[in-house]
Structure formats: C-alpha cells, structure tokens
Amino acid sequence: MKVKVLSRNPDDYVRETKHDIQRVPRNYDPSLHPFDVSREYTRALNATKLERVFAKPFLASLDGHRDGVNCLAKHPRSLSTLLSGSCDGEVKVWNLTKHECVRTLQAHEGFVRGMVVRHCGTSFFTIGDDKTIKHWKMEAPGYGEEEEPLNTILGKAVFTGLDHHQKNAVFATCGHQVDIWDEQRSTPIRSFTWGVDSFSSVRFNPVETELLGSCASDRSIVLYDMRESTPLKKVIMTMRTNTISWNPMEAYYFTCANEDYNLYTYDMRHLENPVKVHIDHVSAVLDVDYSPTGREFVSASFDKTIRIFPKDSANSREVYHTKRMQHVICVKWSADNKYILSGSDEMNIRLWKANAAEKLGVLSPREKQAIHYSQKLKEKFQHHPQIKRIARHRHLPKVIYHQKNELKVMKEARRRKERNVRKHSKPGSVPVVSEKEKHVVSVVK
Amino acid sequence: MLLYVNAVKLPLFGHFHQRPVRYWQGTEGKTKDDNKTEGQPEQQKRQQNRIKKKRKRDEQPDGGKKVISRRPVRYWQGTEGKTKDDNKTEGQPEQQKRQQNRIKKKRKRDEQPDGGKKVISGKSDPFPGPPPIPKDKLEKFKRKGKIQKPLQHHYKLKDIITRSEEASEMAQKQAARFDLLLPEDAGFLEGDEDEDTCMISQEDIADAVDITSGAKHFNLKLCQFGPYRLDYSRTGRHLLLGGRRGHVACVDWQSKQLMCELNVMESVNDVKWLHTEHMFAVAQKKWLHIYDSNGIELHCIRKFNDVLRMQFLPYHFLLATASATGFLQYLDVSIGKEVAAICTKTGRLDVMCQNPHNAVIHLGHPNGTVTLWSPNQKEALVKMLCHQGGVRSVTVDKTGTYMVTSGMDKKMKVFDIRAFKPLRSYFLPTGASCLSLSQRGLLSAATGDIVQVYRDVWSTPVTKPYMAHRVRGSVWGLGFCPFEDVLGVGHGEGFTSMLVPGAGEPNFDGLDTNPYRSAKQRQEWEVKALLEKIQPELITLDPSELGYVDRANFEQRHQDRVEALGFDPLGKEKFVPKHKKKGRSSAAGIERRKRQVAHEDQRDVIRKTVEDRMKLEEERNRMKEKKAALSGKRSALDRFKK
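In the order they appear, the protein sequences are chains R and S. So in the UniProt record's numbering, spot 412 of the first sequence is number 412, and the numbers just go up one at a time. So in the UniProt record's numbering, spot 483 of the second sequence is number 483, and the numbers just go up one at a time.
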C-alpha cells in the first residue's frame with residue numbers, strides 16, 4: 001500500500017516572528033476563484049462610486065485683485081508662478097504653492113487686455129486699454145527702486161490680444177489689425193488686415209511657429225503666415241469666436257470658443273467643416289486652453305462654469321462650478337497637466353485639480369497600484385449602464401440645469417420643425433444639414 | 001575581457017591565427033578555414049559557414065548526433081523517450097522537439113567563432129529563451145478565445161485588441177508558470193498488486209501516514225443526541241456539528257479544541273457556517289437561529305420557519321433556506337434582510353445543494369425532479385426529471401460541470417449541467433442517502449451505514465469504490481473538508497472523520513481562503529469580501545454573462561424599455577384636436593380636423609406601401625434580367641428542348 005495524505009507544515013504558512021510580514025501563498029487556479037467577472041464588476045462599481053465620493057476639485061482661491069480678472073499668463077519655466085491682470089489695470093504675480101501674491105504692479109489705466117511671458121521667462125509683456133504695450137522684468141524691483149517697464153510702446157488703437165513667438169524675439173498683437181512686432185522696434189514689422197475692423201484674440205502655433213490664428217468681430221477666424229504679407233485663409237461662422245487655442249501636440253488642430261455656446265475644433269487644413277462640435281455650455285464660451293498633453297482642453301464660460309472636454313468628444317467629461325464663482329473670463333491649464341486656473345468676474349483666481357478625484361501628494365507604490373487597477377476596471381466596465389450612470393452624473397446649479405433642459409427642448413423643436421418642413425416640401429429641396437455644417441458660413445482663401 | 005577583445009577585434013584586422021578555437025575543432029581544420037575566409041564577400045562567407053558546419057559534423061565520431069546528447073537537460077524534460085514518462089511533457093512532444101531543434105540550430109550558430117561575435121566568454125547559454133510551459137497548464141488558465149480581428153481600417157480598435165490580447169496571453173503564461181512552483185502535491189492511495197484500495201481500512205491508513213495526518217482520523221462518540229449533521233468552514237479549520245435532538249457544537253477539529261457546545265432544547269434540522277467561523281446558523285424546529293462561536297444566540301429570524309436545509313453562498317453573503325412548507329428563502333447576512341422568498345409549490349423541501357460555480361440552488365423533489373433556482377425569478381430556472389421515484393440527494397462539483405443525484409430508485413446518476421444531459425447511471429443496491437463531492441472530484445456516497453468514496457464517476461464507468469468505511473448507525477450528514485484529505489461523516493452514534501487521500505485541493509489561495517490566517521488577516525479579508533459582495537441580481541446560470549457584449553438590437557432594447565416603463569415612449573400619440581375659441585371648434589370642425597390628420601396618416605401608409613411595392617418590383621425585374629442573361633447561354637441540356 002502506498003499512501004500520501006495532505007499534511008502541511010504550519011511553519012511554511014505562518015510568519016516566524018511578528019516583525020515579519022504575513023506569508024500569503026497564492027494559487028491562481030480559476031476554479032478556486034469563481035465569479036471573477038461579477039466580482040470585478042462589483043469592484044469597478046465601488047471604484048466608480050469612490051471616484052465620485054473623492055471628486056473634490058477645488059483647491060484654493062487666490063484673492064487680492066480689486067476688479068475682475070481679465071487675463072492670466074503661465075510662466076514657461078516655473079510651475080509655481082502665475083501672472084494675472086485685472087480690469088483696473090493691475091497685474092499680480094502669484095506663487096501658487098504658497099497661494100500668495102508676490103508682486104503687484106499698476107500696469108495700465110483701464111483694463112489689462114492681454115499678457116504673455118516671454119519664452120525665456122525673464123520678462124513679460126502686457127497690453128491695456130491705454131493703447132500701450134509694456135515690457136516688464138519678471139524680477140521685482142529692488143528696495144527703493146520704482147516699478148517701471150523696460151519698454152513702452154504707444155500704439156494707434158486699443159490692443160485686445162497678445163501672444164509671443166515660441167523662440168524668436170517677436171510678438172503679435174491684435175486690435176484694429178494683427179501686428180507683428182520685433183522686440184527691439186517701436187513699430188510693427190508687419191500688419192495684416194482683411195477688411196475687418198476688430199480682432200479679439202491672436203495665438204501663435206506652438207509647432208509651426210511662424211503660423212498665427214486670430215478671431216475677428218466679423219465672426220471669422222483668420223490664419224496667417226508671418227513670413228507672408230497677406231493672410232492665408234479664413235473661415236466665417238454664424239456667430240463670433242472669442243478665443244482660439246492650438247493643440248500643442250497635434251498642432252494642425254485648434255479649438256475656438258464661440259458665442260453660440262459651443263466650441264469648435266478645426267483642422268487647419270480643412271476649414272470647411274469643424275472636426276468636432278463641443279456642446280455643453282449654456283452661455284457664451286469666453287476662453288479655452290489645451291492641456292499640455294493635447295488630449296483635453298478646458299473652457300470657461302459666461303454661464304459661471306468651467307468644463308473639461310476630451311479633444312474628440314462632443315460632450316464634456318467634467319464641469320466645475322462654485323456658488324461664488326461668477327462669469328469665468330479666463331482659464332489656463334497648468335504646464336504639469338495637473339491643475340486648472342480660472343479667473344472670474346468676482347476678482348478671484350481659482351485653482352482646480354484637472355482630475356477631480358485625483359489624490360495629490362506622494363503616493364506609496366501600493367496606492368499607485370490600487371489606483372491603476374481600479375482605473376483599468378473602470379475602463380473595462382465603463383459601458384455597463386449602472387457604472388456609466390454613476391460616472392457620468394454631475395451636480396449642476398439649478399439655473400444651469402434648467403437652462404440646459406430648455407436648450408434641449410428648443411433644439412428638439414427646431415429639429416421637429418425642420419423635419420416637418422422637409423416632409424411637406426419637394427423632395428431634395430430642404431437638405432439635411434449636419435450639426436458640423438450648420439455653423440460654418442463660408443471659407444475664404 | 002581579453003578574450004572578448006580577441007574574439008571581436010582581431011578578425012577585423014585579419015589576424016586569423018589568434019581566433020579562439022573549439023576543442024573539437026582540429027588544428028588543421030582551423031588553418032584551412034583561415035586561409036579561405038580572408039577578405040571574402042558576405043555571400044561566400046555564408047556558403048563557407050555551411051561547409052564548415054558540415055565538416056564539423058563529420059569531425060564528430062557519431063556524425064553530429066553527440067551534440068544532442070551532450071546538451072544539458074532541464075529537470076522537467078527528464079530523459080524522455082527512454083525511461084521516464086512525464087505526463088506534463090507528453091502531450092506535446094512534437095512541438096517541443098521542433099523547439100529544441102530551433103534552439104540547437106541557434107546554438108550552433110552561436111558557436112561559430114565568426115558568426116557569434118556577441119559571445120563574451122566563449123560559452124553560450126545552454127538554455128536560451130524562456131522555458132517552455134506545459135500545454136495543459138496553459139489550457140487551465142485560458143480565459144477567453146481569440147477575438148476576431150476587425151477590418152483593416154479600424155486601426156485604433158485593432159491596436160486595442162492586439163494589446164489586450166497580448167496582456168491576457170502574458171497573464172495566462174505567468175499564471176501557468178506560477179502553477180509549476182506550487183509547493184504541495186495532492187495525496188493518493190495505491191494498493192499493492194491484487195489489493196483493492198477499498199479494502200484498506202482507515203486504521204491502516206492512519207498508521208501508515210505521519211502522526212499529524214493520522215490524528216485527523218478520529219471518532220466522536222455522541223450517541224445521546226444523534227444523528228448528526230455537519231459543516232466545515234470555508235477554510236477547513238472549523239467543524240460544526242448539529243445533533244438531531246438539539247446538540248450543537250463547533251470545534252477547531254485539527255487541534256481538537258472545542259469552541260462552544262450547547263443544547264438548543266429543540267430539534268435541529270441543519271447547521272451551517274456563515275462567512276466566517278464566528279457565526280453559524282442553526283435551523284431549529286420552528287425558526288432559524290444565528291449563534292456566534294461562543295454559543296450566544298445573536299438572532300432568531302422569525303421570517304424563516306420550518307427550515308429543513310440550508311446553503312450559504314459565500315460570495316453573495318446569502319443564506320438560502322429550504323423549508324417544510326415549500327418555501328425557498330434567501331437571507332442576506334451582511335444586512336440581515338430577506339432578499340427573496342419563493343414559493344416552489346412542490347411540497348416539503350429536504351434535498352438541497354448549491355452550484356459553487358454560479359450560486360444557483362438545486363432542489364430535489366419527491367417526484368424525481370431536480371429544480372434549479374435563482375433569487376431573481378419566481379419560477380425555476382430549470383426543471384430536470386432525474387429519477388423514477390423521489391430524489392434523495394443532490395450534489396454539484398466545484399467547476400459547475402457535473403451534478404450527481406441519487407434517488408429512491410436506488411440509482412446514482414451523473415449529469416452534465418451545462419448541457420443538461422445525463423452522462424452516467426449507476427445502480428447501488430441500497431441506494432445512496434447522502435452525496436458529497438470533494439474539491440478534486442471524489443464522490444462520497446452513504447449507503448445505509450457504509451460510506452463509499454468513488455473516483456472519476458463522470459469520465460469512466462466505475463465498477464468498485466475507491467474507499468469504503470462502515471460507521472455505526474445510519475449516516476445523516478456527509479461533507480468533505482476543504483483543503484484537507486478528510487471526509488466528515490455524521491451518523492447516529494456521533495461523528496467520524498475519515499482519511500480520504502486525494503480529496504482536498506493541496507494549494508490554497510492565501511487571499512481567499514487561508515486556513516492559517518491570523519485574526520488580523522481574517523478581519524481584513526472580511527472587509528474586502530464585504531466590499532466585493534456580489535449582488536443577488538447577478539446570479540444567473542452563466543456567471544460570466546456579465547462580461548459579454550450585449551448585442552441586442554434597437555427593437556429588443558425598445559421592447560425592454562417599453563416593458564420597464566409601462567408605456568411606449570416613442571409611440572405616436574393619438575391626435576386630440578385643439579379647442580379653438582370664438583365658435584370655431586364646432587363638432588363638424590373638430591371632426592374635419594381629425595379626418596385631415598387621419599387622411600395624412602393614411603397617405604403616409606399608402607406612400608410606404610407603394611414604395612415597398614416599387615422596390616419589390618425592381619428586385620423582381622433584376623432577377624428576371626439575370627435569368628434572361630443566364631438563359632441566353634446555351635447549356636448542354638438545351639438539346640432536350642423542343
């Protein structure tokens with residue numbers, strides 16, 4: 001007779017002293033782990049719920065301005081520095097880690113219309129309602145010295161937008177026309193006009209650095225090449241565009257914030273139709289900024305909310321609002337892809353997390369692993385109705401909620417009417433116009 | 001290092017006489033080679049290599065065969081083909097041989113002095129590449145089949161699928177590799193020549209094995225309150241005994257430590273551990289009671305009356321009870337709520353088991369049927385006619401593939417419950433009153449006062465039992481201990497713990513069921529298990545159904561929606577004419593407006609039918625044309641036409 005009976009030595013399975021870690025022998029045999037799908041689903045559901053529980057995006061409010069914040073500028077070299085300009089002509093430099101203002105200067109009379117930090121990070125430019133462009137040093141003046149700009153240029157008309165070239169000592173302004181300036185000269189080296197009287201924003205392309213985009217008050221978006229004397233092309237839309245922002249990774253895409261509550265992502269090469277129409281705001285969109293990864297962008301709206309859109313989705317993935325935040329005028333995505341900064345009408349700058357449920361600070365490896373695991377689970381089960389519903393749910397202020405529903409009803413009514421008109425007209429005489437085609441009037445080259 | 005310089009650099013300068021030489025290469029061969037290789041183009045060199053290879057083979061006394069025998073062999077390869085028949089590698093000799101050949105070729109290439117320039121010490125890796133994984137192990141950890149590749153232009157989807165497939169393949173391989181390293185092996189019992197294993201007595205086995213294992217065979221003589229029902233906890237450390245006449249005891253049976261003992265002063269129908277060894281449920285004469293391991297009554301649940309049998313679903317935290325009144329009830333023990341109460345309308349329910357694979361409850365009935373239940377449905381999921389005469393006992397194996405039933409017709413039958421098909425039928429002279437399946441698929445059947453254990457009841461027709469043991473008094477409860485080679489038998493005279501080698505799963509998973517867990521580990525496990533408690537709605541016949549894509553089309557979905565809402569959200573409302581003022585809403589006017597709308601609807605219908613007819617007509621025409629075109633050709637059969 002040959003016999004063997006299971007006999008385990010407990011010493012192989014328990015720790016020797018209480019200072020050791022517990023021994024955990026594993027056996028991955030699937031038959032010892034039944035209900036794997038259901039258990040994973042439950043885990044995914046829990047992870048989704050916890051994500052909503054931990055979604056606390058608001059970090060800090062930077063107060064100190066005495067009027068609405070009109071423009072923000074990121075520092076290209078320092079993550080902790082932020083510049084803000086307000087409607088009373090004051091510019092403040094902030095230290096974001098300490099949440100405090102490190103420098104205040106009275107830059108202009110009237111609004112500060114635009115602000116940009118030079119690519120080296122040692123100086124910055126501001127423009128204001130007093131028709132001047134001022135060039136400032138980044139360092140605060142020493143004790144006893146007076147706060148004075150390095151250089152002041154007096155323009156002929158009011159400037160409304162400003163952007164600096166990525167590498168060269170060249171910057172662009174817009175107002176009556178789009179001007180390209182050399183830092184050393186007091187007159188523009190080049191001016192572009194295309195039968196328009198007023199531009200609202202100008203932006204350099206971050207990759208093809210000689211390209212510019214601007215939006216004008218005649219509802220057009222105009223593209224320029226700095227090396228040529230005439231503009232490249234423009235697209236005219238049904239409503240006015242407020243700001244544009246280039247995608248830093250795929251720099252042939254840009255997104256524009258429109259007065260008709262939508263954002264439009266265009267491919268620079270095909271302006272006939274936008275690549276995507278981003279709908280969710282319930283009032284005019286005032287500012288837009290891309291994340292440094294180019295996968296998402298943030299938009300600020302007159303409806304007192306900030307929304308985050310994935311670049312190829314029509315609806316926002318996130319909406320931020322507080323009771324006290326008024327019309328959001330400017331918004332920036334920080335260069336480390338972690339934070340969002342918004343400046344609003346009621347004189348505050350707010351610091352938000354880009355990922356609402358993210359845990360800040362140093363994570364232990366186990367925490368990291370757990371986060372990755374739950375992320376993967378959420379991704380795996382994202383289409384299950386229960387999980388989708390929880391992950392998608394956002395609380396909205398009552399006003400916005402109702403307005404959203406109202407807009408939905410209006411849109412549906414318009415669609416229904418169009419459908420009825422089509423039904424009662426000659427076949428083909430009322431064509432179906434898609435949402436993308438609806439908002440573009442024409443493209444001029 | 002110096003050798004490296006020699007091997008790599010010198011040939012570049014043409015100093016071929018210093019090239020390192022293999023010991024089997026003769027000196028004359030070497031010089032000959034050198035003369036030829038100097039400054040030759042690539043193609044010629046390759047040709048020479050081939051010649052060299054051939055020569056090398058010739059130089060060896062056995063014509064190159066010796067290279068194979070000299071190769072070091074890994075422990076799992078054994079000396080196969082000659083002496084050992086390793087069942088792991090047996091399944092795939094063809095593939096392995098091919099792989100070996102490839103390795104051989106590669107090695108030979110490496111051994112070429114001017115081919116393998118990367119060799120540092122001159123010695124090549126005897127085991128290049130990752131070790132092969134036995135095919136059966138890989139099959140064990142296979143989770144899904146290959147996904148059909150999408151079309152070429154879905155490049156993003158294709159990328160995602162490729163990546164996920166790579167990941168799952170890697171996981172499968174890792175798990176299979178890990179499986180090779182598991183520390184314990186299953187037990188076994190083999191008789192000598194012309195010795196039946198069923199003739200070996202328990203005492204002989206207990207004497208033959210080590211002391212700790214031998215101590216696992218014992219008898220508890222409890223003749224006062226018997227017969228006994230029993231239940232082992234999920235980790236296999238604790239044993240719960242419930243005597244018919246009210247005696248309830250829980251024991252840490254390996255250390256023989258009594259945790260509590262009480263007499264409930266009522267008849268006890270069944271006992272069951274809940275999720276930990278700190279709580280157990282006792283089905284008493286009238287109500288269901290829950291006690292803790294100190295014997296303190298925690299709850300008396302009056303909603304559950306006349307309970308005869310119980311099953312605990314550990315991943316759902318559900319206690320399923322079958323009562324004498326024909327009710328199947330589910331109690332969620334984590335929140336203390338009754339989840340479902342189903343009136344089975346089949347009379348007294350005293351045969352019950354659970355399918356551990358999908359948490360479906362199987363009930364046996366006096367009319368010979370076995371019914372399958374989930375808490376989500378008021379009707380049985382499946383009704384199977386299994387026996388002529390009543391069903392006496394049912395049990396389902398761990399993987400949820402086989403169900404074994406025994407009936408009053410003295411038969412024991414094996415069913416495949418994925419296909420609901422009978423597989424085998426055995427005749428037992430006295431019939432089996434209790435059945436139980438172990439983790440490794442041993443079947444124990446109690447026939448009167450004899451406990452028989454069978455092996456492989458579903459794959460091969462069994463003629464005699466693997467083991468047999470006679471106890472005192474008729475058997476009342478039967479259960480294998482998880483992760484141990486032990487079968488517990490509750491009978492009229494008490495309790496017997498039998499040694500059944502090969503019954504238990506040798507390697508447990510420390511994060512799921514750990515027999516050696518500390519109090520802290522148990523607490524942590526409890527929290528984790530409660531967090532991932534599966535909702536009772538997810539109990540279905542196929543537990544992986546949740547992972548499939550719902551391919552319902554719009555109509556089906558719409559139908560579901562209509563059912564859920566109770567009305568059709570997309571349905572056309574009936575036209576109600578608006579009430580107009582100033583006398584314009586006369587009855588005639590209303591009627592006229594109504595007729596207008598009805599007329600419009602009718603026109604729509606007509607338009608649609610006309611369009612459909614046109615389409616049909618067109619199709620018919622096309623077919624006709626096609627036929628005409630075909631008939632224009634002369635066929636061989638045309639000569640029969642008049």
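Derived from the structure by calculation, the hints contain no laboratory data. These figures come from a predicted structure and were not determined experimentally. Ideal Cβ positions, reconstructed from N, Cα and C, are used throughout, including at glycine. Wrong hints could be hidden among the right ones.
[Unchecked claim] Here are the simulated DSSO-like cross-link-like pairs (lysine-lysine), alpha carbons at most 27 Å apart as the crow flies:
no.	chain 1	residue 1	chain 2	residue 2
1	R	K423	S	K345
2	S	K256	R	K426
3	S	K594	R	K423
4	R	K4	S	K256
5	R	K426	R	K98
[As the list claims (entries may be wrong)] From chain R, some residues computed to sit far from chain S (all C-beta separations above 10 Å):
no.	residue
6	V5
7	D12
8	Y28
9	D29
10	D36
11	T97
12	D182
13	R240
14	N273
15	E358
16	E437
Cross-check of the supplied hints:
1. About 58 Å separates the Cα atoms of R:K423 and S:K345, which puts this hinted pair outside 27 Å; it is violated.
2. For the suggested pair S:K256 and R:K426, the alpha carbons sit about 92 Å apart, so the restraint of at most 27 Å is broken.
3. Pair hint S:K594 plus R:K423 holds up; C-alpha atoms about 19 Å apart against a cutoff of 27 Å.
4. For a cut-off of 27 Å, the pair hint linking R:K4 to S:K256 stands: about 22 Å separates their Cα positions.
5. Distance check on the hinted pair: R:K426 and R:K98 sit about 68 Å apart at the alpha-carbon level, beyond 27 Å; violated.
6. Taking the minimum C-beta to C-beta distance to chain S, about 4 Å, the non-interface status of R:V5 is violated against the 10 Å cut.
7. Non-interface call for R:D12 relative to chain S: violated, since the shortest CB-CB distance, roughly 7 Å, does not exceed 10 Å.
8. Taking the minimum C-beta to C-beta distance to chain S, about 4 Å, the non-interface status of R:Y28 is violated against the 10 Å cut.
9. At the 10 Å boundary, the C-beta of R:D29 falls inside the reach of chain S, the nearest C-beta of that chain being 7 Å off.
10. Chain S draws R:D36 into its interface by the beta-carbon criterion, the shortest separation being 8 Å against a cut-off of 10 Å.
11. The claim that R:T97 is not at the interface with chain S holds, since no C-beta of that chain comes within 10 Å of its own (minimum 36 Å).
12. Under the 10 Å C-beta cut-off, the non-interface status given to R:D182 relative to chain S holds; the minimum distance is some 45 Å.
13. Even its closest Cβ contact with chain S, about 35 Å, leaves R:R240 beyond 10 Å, as expected for a residue assigned away from the interface.
14. With a least beta-carbon separation of about 20 Å from chain S, R:N273 lies farther than 10 Å from that chain, consistent with its non-interface assignment.
15. R:E358, annotated as away from the interface, keeps every beta carbon of chain S farther than 10 Å; the closest lies near 21 Å.
16. A cut-off of 10 Å between C-beta atoms confirms that R:E437 is not in contact with chain S; the least separation is 24 Å.
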